[in-house]
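K.L.:
Single-letter residue listing:
Protein chains: 2
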Amino acid sequence: MQKHLIGAAVGVATLALATTAAAQFKPEELIQYRQAGYSFMSWNMGKIKVNLDRDYNQAQVAGAANAIAAIANSGMGALYAPGTERDIGDVKTNVKPAFFENPEDVRDLAMDFNQKANALAEVAQGGDQEAVRAAFGQVGEACKACHDKYRAD
Amino acid sequence: MQKHLIGAAVGVATLALATTAAAQFKPEELIQYRQAGYSFMSWNMGKIKVNLDRDYNQAQVAGAANAIAAIANSGMGALYAPGTERDIGDVKTNVKPAFFENPEDVRDLAMDFNQKANALAEVAQGGDQEAVRAAFGQVGEACKACHDKYRAD
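Each protein sequence line maps, in turn, to chains A and B. Heads up, the first sequence is in the numbering used here, so the first residue is 1 and it goes up one at a time. Heads up, the second sequence is in the numbering used here, so the first residue is 1 and it goes up one at a time.
Possibly wrong hints are sitting among the right ones.
You can't tell identical chains apart in this list, so a pair holds if it fits in one copy or across any two.
[Stated by the list, open to error] Derived DSS-like pairs: lysine-lysine, alpha-carbon spacing no greater than 30 Å straight-line: (1) 49 to 26; (2) 144 to 96; (3) 26 to 144; (4) 49 to 92; (5) 26 to 149.
Note that these hints are calculated values from the structure, not bench results.
Make the full structure from the sequences, and use the hints.
P.N.:
Encoded structure:
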């Protein structure tokens, strides 16, 4: 297990732009920050869905897609630093242990998600709703690919 | 009070790009989403501070500043829709009632914050640390201006 954790730590570090981002925060704070990031992305995914299903507001969709992409690009890997693998007091995590044991697979999933989020933000700047719908679907699939493997529901 | 709430609702709506963003969510979800947004911005503010105080990683600062600006620009006004003025079950809010009674002042504070966040994201693309330090300070003051008036601690 110790070997796994060290391996995971090295892999997770490559996801982040710098490990200094984690050092100043307690593990329970890192868990809460990563949950905040996904929660805020979820709100913005929901907004885009409503825009595609009902009245399309280009500025709102662009703003939502930008938020998702910017959060994805902000170095969230640092939020999975060692010590964040399990519940800490009242702070619960839904990340499965397997997440920390498969750093290469996680990195691939994360990079795919970031690419799809960036592509959505790009097309959302324009007014082509069908292009946004397709890119939105791709982001949703990238979310699900990681959730299916590594999120305990 | 009813009059205040109606006035607040109208004012808050002007903060949002569209009110449809709120209609699909329950008030308690909106409270949680707004808290998630501020929490994630706080993590990124903390990262920028560490970069300015210790080793400066330009890519990390740019990513953090982009996340703050994109969240600020994502239409957070919709997260203060009617029904979100008070605690709902276990979901507590730290927003003072005065926030909802002063929509014009809130709008001014929000616009100032967004401008400062955008300015920080702009200078963070470059490598001028002192410019980033100054813009970062301005964002911090804009955060505090609203917290001092409208956040119950």
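K.L.:
Each of the hints needs a verdict: does it hold here or not?
P.N.:
Cross-check of the supplied hints:
1. Taking the shortest alpha-carbon separations for residue 49 and residue 26, only the inter-copy value of 16 Å comes in at or below 30 Å, while the best intra-copy value is 35 Å.
2. In this homomeric assembly, residue 144 and residue 96 come within 30 Å of each other (Cα to Cα) only inside a single copy, at 14 Å, whereas the closest approach across copies is 37 Å.
3. Taking identical chains as interchangeable, the C-alpha atoms of residue 26 and residue 144 lie at most 30 Å apart whether they share a chain (28 Å) or sit on different chains (23 Å).
4. Taking identical chains as interchangeable, the C-alpha atoms of residue 49 and residue 92 lie at most 30 Å apart whether they share a chain (28 Å) or sit on different chains (27 Å).
5. When the C-alpha separation of residue 26 and residue 149 is checked against a cutoff of 30 Å, the pair qualifies both within a copy, at 26 Å, and between copies, at 29 Å.
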